[in-house]
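These protein sequence lines are chains D and V, in that order. Anchor point for the first sequence: position 24 equals 24 in this note's numbering, and the numbering is continuous, going up by one each time. Anchor point for the second sequence: position 246 equals 246 in this note's numbering, and the numbering is continuous, going up by one each time.
Heads up, a few of these hints could be off.
Which copy? The list can't say, so a pair holds if one copy fits it or any two copies do.
[Unchecked claim] Here are the computed lysine to aspartate or glutamate pairs in the DMTMM-like style, where the Cα-Cα straight-line distance is at most 25 Å:
| hint | residue 1 | residue 2 |
| --- | --- | --- |
| 1 | 197 | 3 |
| 2 | 295 | 153 |
| 3 | 184 | 219 |
| 4 | 267 | 149 |
| 5 | 184 | 260 |
| 6 | 123 | 133 |
| 7 | 295 | 149 |
| 8 | 82 | 41 |
| 9 | 189 | 219 |
| 10 | 295 | 264 |
| 11 | 184 | 3 |
| 12 | 73 | 89 |
| 13 | 189 | 167 |
| 14 | 295 | 115 |
| 15 | 295 | 104 |
| 16 | 295 | 152 |
| 17 | 295 | 270 |
| 18 | 73 | 266 |
| 19 | 197 | 167 |
| 20 | 295 | 154 |
By construction, these hints were calculated from the structure, which means they are not laboratory data. All of these numbers come straight from a predicted model, not from anything done at the bench.
2 protein chains.
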Amino acid sequence: MPEILICEVGPRDGLQNAKQLMPTEAKKAWIRSLADAGLREIEVGSFVPPKLIPAMADTHELVVFSRALPNLKVVALAPNLKGFQRAIEAGAHKVTFPVSASREHSLSNVRMTPDQMVEEVRKCAEHPHPGVEMEGAVSTAFGCTMQGEVPEEDVVRIASKLAGFCDSVALADTVGYANPAQVKRLFNKVRSEIGDKLEGAHFHDTRGLGLANALAAYEVGVRAFDSSLGGLGGCPFAPGASGNVITEDLVFMFESMGLDTGIDLDKLLEARKLMVSAIPGEPVYGHLAMAGAPKGFHAAA
Amino acid sequence: MPEILICEVGPRDGLQNAKQLMPTEAKKAWIRSLADAGLREIEVGSFVPPKLIPAMADTHELVVFSRALPNLKVVALAPNLKGFQRAIEAGAHKVTFPVSASREHSLSNVRMTPDQMVEEVRKCAEHPHPGVEMEGAVSTAFGCTMQGEVPEEDVVRIASKLAGFCDSVALADTVGYANPAQVKRLFNKVRSEIGDKLEGAHFHDTRGLGLANALAAYEVGVRAFDSSLGGLGGCPFAPGASGNVITEDLVFMFESMGLDTGIDLDKLLEARKLMVSAIPGEPVYGHLAMAGAPKGFHAAA
Numbered sequence: 001m002p003e004i005l006i007c008e009v010g011p012r013d014g015l016q017n018a019k020q021l022m023p024t025e026a027k028k029a030w031i032r033s034l035a036d037a038g039l040r041e042i043e044v045g046s047f048v049p050p051k052l053i054p055a056m057a058d059t060h061e062l063v064v065f066s067r068a069l070p071n072l073k074v075v076a077l078a079p080n081l082k083g084f085q086r087a088i089e090a091g092a093h094k095v096t097f098p099v100s101a102s103r104e105h106s107l108s109n110v111r112m113t114p115d116q117m118v119e120e121v122r123k124c125a126e127h128p129h130p131g132v133e134m135e136g137a138v139s140t141a142f143g144c145t146m147q148g149e150v151p152e153e154d155v156v157r158i159a160s161k162l163a164g165f166c167d168s169v170a171l172a173d174t175v176g177y178a179n180p181a182q183v184k185r186l187f188n189k190v191r192s193e194i195g196d197k198l199e200g201a202h203f204h205d206t207r208g209l210g211l212a213n214a215l216a217a218y219e220v221g222v223r224a225f226d227s228s229l230g231g232l233g234g235c236p237f238a239p240g241a242s243g244n245v246i247t248e249d250l251v252f253m254f255e256s257m258g259l260d261t262g263i264d265l266d267k268l269l270e271a272r273k274l275m276v277s278a279i280p281g282e283p284v285y286g287h288l289a290m291a292g293a294p295k296g297f298h299a300a301a
Numbered sequence: 001m002p003e004i005l006i007c008e009v010g011p012r013d014g015l016q017n018a019k020q021l022m023p024t025e026a027k028k029a030w031i032r033s034l035a036d037a038g039l040r041e042i043e044v045g046s047f048v049p050p051k052l053i054p055a056m057a058d059t060h061e062l063v064v065f066s067r068a069l070p071n072l073k074v075v076a077l078a079p080n081l082k083g084f085q086r087a088i089e090a091g092a093h094k095v096t097f098p099v100s101a102s103r104e105h106s107l108s109n110v111r112m113t114p115d116q117m118v119e120e121v122r123k124c125a126e127h128p129h130p131g132v133e134m135e136g137a138v139s140t141a142f143g144c145t146m147q148g149e150v151p152e153e154d155v156v157r158i159a160s161k162l163a164g165f166c167d168s169v170a171l172a173d174t175v176g177y178a179n180p181a182q183v184k185r186l187f188n189k190v191r192s193e194i195g196d197k198l199e200g201a202h203f204h205d206t207r208g209l210g211l212a213n214a215l216a217a218y219e220v221g222v223r224a225f226d227s228s229l230g231g232l233g234g235c236p237f238a239p240g241a242s243g244n245v246i247t248e249d250l251v252f253m254f255e256s257m258g259l260d261t262g263i264d265l266d267k268l269l270e271a272r273k274l275m276v277s278a279i280p281g282e283p284v285y286g287h288l289a290m291a292g293a294p295k296g297f298h299a300a301a
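Looking at chain D on its own, in the form it has when it is part of the complex:
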């Protein structure tokens, strides 16, 4: 295993927010190129009702396709038991369940309070799911565009409940509100409650702090990060602003620090080109693709 595990969420978080639909065959080619570049986890889609999010209608097909790729953990999102059943049926290795720590965001998004949503995930855990990992992802953990501040005790409470029946728990800065001091404090607080069940960090770069927050999380022991190639999808709450932390910049940061991600940067930039050509005109972000690697740059591994 690499020292740093990066989960590419572009096919889910990116495409879900993109203006254009990417054709299924193009998604497959992109996912294959990501796996070729060394990604060991890819969130390929979301088992939500296709009428709600047409961009995710082909998730079953993508899970089946991705399962055939070597050395890849295939991740899908599910918001409820029905979605979880579809994910199991398709053969996802890991399913991530978003639970918003913001009451307002949760009510607006899934018409349930955060604690009701936790119970929905508990029902999923009680459903037979042999060999399928469950991740509880505490979203809006660092703040919410509706509610503003999200009390840290709410995040700790939800994370602790989820840790009771999920295999792992992640903290997500869904709207790009986190800062490095808060990241360290909150990851430490949650870890003191649930220990090593706390795994992933999901940051957005909306206010430019994405990499600084990833660094802060690394410094308090986080080794698993979500990100999106080219920051695809932008930020639905701030038109024109960037969205997910950018995979290639995140990989570059860690590799330049001497930390092995298992990812080949040149191949990753090829995968980026493939993605860009599949949805021309969609805004993409990222520094490395523009500036190139430093002269004499060596990857960590």
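Once you've looked at the hints, dock chain V against the given chain D.
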């Protein structure tokens, strides 16, 4: 004094690399708005031959103007004794002397080796300069587009020599090659040689790591940072790529961490608008200006 001292270098490092000339009166209005926003140090220009860099031809006038603003330390760059004499004559409070740690960059830029350039700065130190602070800035300290890797012992040697006759020493990542691990290592190494004479950090965001590097530097005790509003000027070595760390994003990072910069973010964004209107069409960068501050955001002070 604020906990974090930010020196705005846009009028120098930004405008020096901008495609357009900013009229002197517009520069004055911009500098005044920066001081109004709470900036306590501004690098207003460079005492280089006007024929070489026409954008810096009005530096004398800007130093005189800026000295009249309250609570402002007026900084200017000088590459040699002649420039230093002009800076003293104009009334600069602080003069910064760039010394490239990269032999190739130094020879190409000033036709002197790094050690010859150190001797040039020593001559300046021996010139009477009552009340004028001297800063030795080790440029390309983290790598060089020409030479590639810059040995850390070269940086330590040059910084140590400069500390012998300068009031303070800064380390500059002139071309955006630094990574957070290297930042911590090199600042620690240099500090172990010259102690508190090591003050400033000057980062570029060319590869997206600007804020992460600033965070890393903060974590090893650095409290003084250069930055440029809107990342003005971009990167001369990578067309289209961003340049200096972006002042407003840097201020936002520290303030959101609860660290007082003494800078009013709203006023800073007003100063940004003023700058943009003075050189329309010039590329500017930055996340905060696009996304806005988080709901319920409170500055540190």
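Consistency of the hints with the structure:
For the identical chains of this complex, residue 197 and residue 3 are intra-copy neighbours only, at 17 Å inside a copy versus 36 Å across copies, given an alpha-carbon limit of 25 Å. Taking identical chains as interchangeable, the C-alpha atoms of residue 295 and residue 153 lie at most 25 Å apart only when they sit on different chains, with a minimum of 19 Å there against 46 Å within one chain. With identical chains, the CA atoms of residue 184 and residue 219 are at most 25 Å apart both within one copy (8 Å) and between copies (13 Å). In this homomeric assembly, residue 267 and residue 149 come within 25 Å of each other (Cα to Cα) only across copies, at 23 Å, whereas the closest approach inside a single copy is 40 Å.
When the C-alpha separation of residue 184 and residue 260 is checked against a cutoff of 25 Å, the pair qualifies both within a copy, at 22 Å, and between copies, at 19 Å. Taking the closest pair of Cα atoms, residue 123 and residue 133 come within 25 Å of each other only inside a single copy of the chain (15 Å); across copies the shortest separation is 68 Å, beyond that limit. For a Cα distance limit of 25 Å, the shortest separation of residue 295 from residue 149 across copies, 8 Å, qualifies, whereas the shortest one inside one copy, 43 Å, does not. In this assembly of identical chains, the alpha carbons of residue 82 and residue 41 lie at most 25 Å apart only when taken from the same copy (23 Å versus 59 Å across copies).
In the homo-oligomer, the alpha carbons of residue 189 and residue 219 lie at most 25 Å apart both inside one protomer (14 Å) and across protomers (20 Å), since each shortest distance falls under that limit. In this assembly of identical chains, residue 295 and residue 264 lie within 25 Å of each other by CA distance solely inside one copy; the values are 17 Å within and 38 Å between copies. For the identical chains of this complex, residue 184 and residue 3 are neighbours both inside a copy (19 Å) and across copies (20 Å), given an alpha-carbon limit of 25 Å. In this assembly of identical chains, the alpha carbons of residue 73 and residue 89 lie at most 25 Å apart only when taken from the same copy (16 Å versus 67 Å across copies).
Taking CA atoms no more than 25 Å apart as the test, residue 189 paired with residue 167 passes inside one copy only; the shortest distance there is 19 Å, against 42 Å between copies. Taking identical chains as interchangeable, the C-alpha atoms of residue 295 and residue 115 lie at most 25 Å apart only when they sit on different chains, with a minimum of 23 Å there against 51 Å within one chain. Only between protomers do residue 295 and residue 104 lie at most 25 Å apart by alpha-carbon distance; the minimum there is 13 Å, versus 48 Å within a single protomer. In the homo-oligomer, the alpha carbons of residue 295 and residue 152 lie at most 25 Å apart only across protomers (16 Å), although the nearest pairing inside one protomer, at 43 Å, exceeds that limit.
Taking the shortest alpha-carbon separations for residue 295 and residue 270, only the intra-copy value of 19 Å comes in at or below 25 Å, while the best inter-copy value is 38 Å. When the C-alpha separation of residue 73 and residue 266 is checked against a cutoff of 25 Å, the pair qualifies only within one copy, where the shortest distance is 22 Å, while the shortest distance between copies is 45 Å. When the C-alpha separation of residue 197 and residue 167 is checked against a cutoff of 25 Å, the pair qualifies only within one copy, where the shortest distance is 7 Å, while the shortest distance between copies is 50 Å. In this homomeric assembly, residue 295 and residue 154 come within 25 Å of each other (Cα to Cα) only across copies, at 18 Å, whereas the closest approach inside a single copy is 46 Å.
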